[in-house]
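These protein sequences, in sequence, are chains L and A.
Under the working numbering, the first residue of the first sequence is numbered 143, with each subsequent residue one higher.
Under the working numbering, the first residue of the second sequence is numbered 584, with each subsequent residue one higher.
Honestly, I wouldn't trust all of these hints.
Unchecked claim - Straight line, CA to CA, 27 angstroms or less: simulated DSSO-like cross-link-like pairs of lysine-lysine: (1) A:K647 / L:K145; (2) A:K597 / A:K649; (3) A:K624 / L:K205; (4) A:K649 / L:K241; (5) L:K241 / A:K647; (6) L:K145 / L:K199; (7) A:K638 / A:K603; (8) L:K159 / L:K199; (9) L:K197 / L:K213; (10) A:K624 / L:K213; (11) L:K201 / L:K213; (12) A:K638 / L:K241; (13) A:K647 / A:K597; (14) A:K624 / A:K647; (15) A:K624 / L:K145; (16) L:K241 / A:K624; (17) L:K241 / L:K205; (18) A:K603 / L:K241; (19) L:K159 / A:K624.
Everything labelled a hint here was simulated from the structure, so no lab data went into it.
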Amino acid sequence: SQKIEQNSEALNIQEGKTATLTCNYTNYSPAYLQWYRQDPGRGPVFLLLIRENEKEKRKERLKVTFDTTLKQSLFHITASQPADSATYLCALPVFGNEKLTFGTGTRLTIIP
Amino acid sequence: GAVVSQHPSWVICKSGTSVKIECRSLDFQATTMFWYRQFPKQSLMLMATSNEGSKATYEQGVEKDKFLINHASLTLSTLTVTSAHPEDSSFYICSLSGGWETQYFGPGTRLLVL
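The following block holds chain A by itself, in its conformation from the complex:
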């Protein structure tokens, strides 16, 4: 399967700052990537679908102006958490679509907003 990396693996920031998380495909070209959020002891919740060269599609309840997604190439998607607040502290995970039945997941990024 595809190898997916995320950078950084963890980040601590002050409230009000913006944080960018990168999701890279090392060996697979993905036109579609997904961004998930996982709070402690909860399951993965899909935030948005990122399509290369077009605007992301956000799930209901996810603020598109707060969580900016850019999918500029077939191997890179970025998620920027703007004006982060403590309630945005979570585990953010990306995945690549490998086709109808396949997603390859990244290792996740732990965000802590103080």
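Looking at chain L on its own, in the form it has when it is part of the complex:
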């Protein structure tokens, strides 16, 4: 089964800087990879999807990259704001399936 690791449990970044989160997987490269935001006591909220044939995807201050050789996705938040503080989860589909496997999550804190 796929094992997914996110670089660190917690990450503190100064406001205005770029936050970079890492998602590594161990087995097969998935057809796509997703990033979610989860606030305390709430369900995940979808942010971005990147497919295996895409190197980079952007949405406003968010950027995701996908390197199937390294088996890694990077998630960047530029010009970070305290409101970006949350836990960020990456998720990969189970091979040939709609089901998702989630990473361990990174708790991001943007310090004013």
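Dock chain A against the given chain L, drawing on the hints supplied.
Just chain A now, with coordinates in the frame of chain L:
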């Protein structure tokens, strides 16, 4: 995207009782829904896949007789935790399948078993 609600948002019950959690799609008909469980500081773990009009498919290690899932309509799936024990205390989250690459998540239900 679809709007998903869960009821109740939190529940406290005594050990040995059963608790039902509802997952509703307010504006989307979903033939497939998923139920996840999340323990503190851990990630979401898929418990089961709920298919409208048929039996749910459970992930390895999840007791189907303890976690009863009913998906009676395209807009409602229920999860019943039977004979709940303190170790069942967790955050339960449902999602709807919006297609191959899309899931819409509910706000979650916090269960505390005393």
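Tested hints:
1. A:K647 / L:K145: holds (25 angstroms)
2. A:K597 / A:K649: It holds: about 16 angstroms lies between the C-alpha atoms, which stays within 27 angstroms.
3. A:K624 / L:K205: The hint holds at about 25 angstroms.
4. A:K649 / L:K241: Answer holds: K649 (chain A) to K241 (chain L) is near 21 angstroms, not above 27 angstroms.
5. L:K241 / A:K647: It holds: about 18 angstroms lies between the C-alpha atoms, which stays within 27 angstroms.
6. L:K145 / L:K199: Given that 27 angstroms is the threshold and the Cα spacing comes to 23 angstroms, the pair holds.
7. A:K638 / A:K603: holds (17 angstroms)
8. L:K159 / L:K199: Status holds; Cα separation ~19 angstroms.
9. L:K197 / L:K213: holds (12 angstroms)
10. A:K624 / L:K213: holds (24 angstroms)
11. L:K201 / L:K213: holds (22 angstroms)
12. A:K638 / L:K241: Between K638 (chain A) and K241 (chain L) the Cα gap is close to 16 angstroms, so the pair holds against 27 angstroms.
13. A:K647 / A:K597: holds (21 angstroms)
14. A:K624 / A:K647: holds (25 angstroms)
15. A:K624 / L:K145: Measuring from Cα to Cα gives roughly 17 angstroms; hence the hint holds.
16. L:K241 / A:K624: holds (22 angstroms)
17. L:K241 / L:K205: Since the Cα atoms of K241 (chain L) and K205 (chain L) sit roughly 24 angstroms apart, the hinted pair holds (cutoff 27 angstroms).
18. A:K603 / L:K241: With Cα atoms ~23 angstroms apart, K603 (chain A) and K241 (chain L) stay inside 27 angstroms; holds.
19. L:K159 / A:K624: holds (26 angstroms)
When the structure is compared with the earlier hints, no violation turns up for any of them.
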